[in-house]
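J.: Please take these sequences and the hints and turn them into a complete structure.
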Amino acid sequence: MTTQGNVQPKVFSSALFKFNVRDAGTLIGLLIIVITFSFLSPVFFTVPNLLNILQQSSINGIIALGMTLVIISGGIDLSVG
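Residue numbers 1 to 81, in the numbering used here, belong to the letters of the sequence shown in order.
Calculated from the structure, these hints are not laboratory results. No experiment lies behind these values; they were computed from the predicted model shown. We put the beta carbon where it would ideally sit given N, CA and C, even for glycine. Treat the hints with care, since some could be wrong.
Stated by the list, open to error - Label-pair restraints from in silico Cβ distances:
id	residue 1	residue 2	range
1	LEU51	ALA24	34 to 40 Å
2	ASN52	ALA24	25 to 31 Å
3	GLY61	THR26	15 to 21 Å
4	GLY74	THR26	25 to 31 Å
5	LEU40	SER73	21 to 27 Å
T.: Spelled out as structure tokens, the structure:
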């Protein structure tokens with residue numbers, strides 16, 4: 001009788017990125033949400049609406065970028081203890 005101790009998930013890799021099979025659930029869920037709202041609302045998947053969403057989320061993106069730079073530079077210690 002043999003047992004497998006550490007089974008690694010399948011990873012598809014190329015020169016540009018590595019894709020873990022476990023991460024596919026999040027992407028599939030996002031795709032289902034976008035398709036559902038596209039069918040429910042005729043103005044969801046239009047250029048003006050996508051620009052509006054991009055404009056509203058840009059503030060959070062800029063803040064996240066600044067926080068990332070501070071964390072990378074060592075300004076914040078996120079360790080426990």
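J.: For every hint, state whether the structure bears it out.
T.: Okay, the hints, checked on the actual structure:
Distance hint check: the CB atoms of LEU51 and ALA24 are about 28 Å apart, inconsistent with the given range 34 to 40 Å. For ASN52 and ALA24, the hinted distance range of 25 to 31 Å is satisfied, since their beta carbons lie about 29 Å from each other. Taking the beta carbon of each, GLY61 and THR26 are about 18 Å apart, inside 15 to 21 Å as hinted. The supplied range of 25 to 31 Å is met by GLY74 and THR26, whose beta-carbon atoms lie about 30 Å from each other.
The hinted range of 21 to 27 Å is not satisfied by LEU40 and SER73, whose Cβ atoms lie roughly 44 Å apart.
In summary, the structure is inconsistent with hints 1, 5 from the numbered list given earlier, while agreeing with the others.
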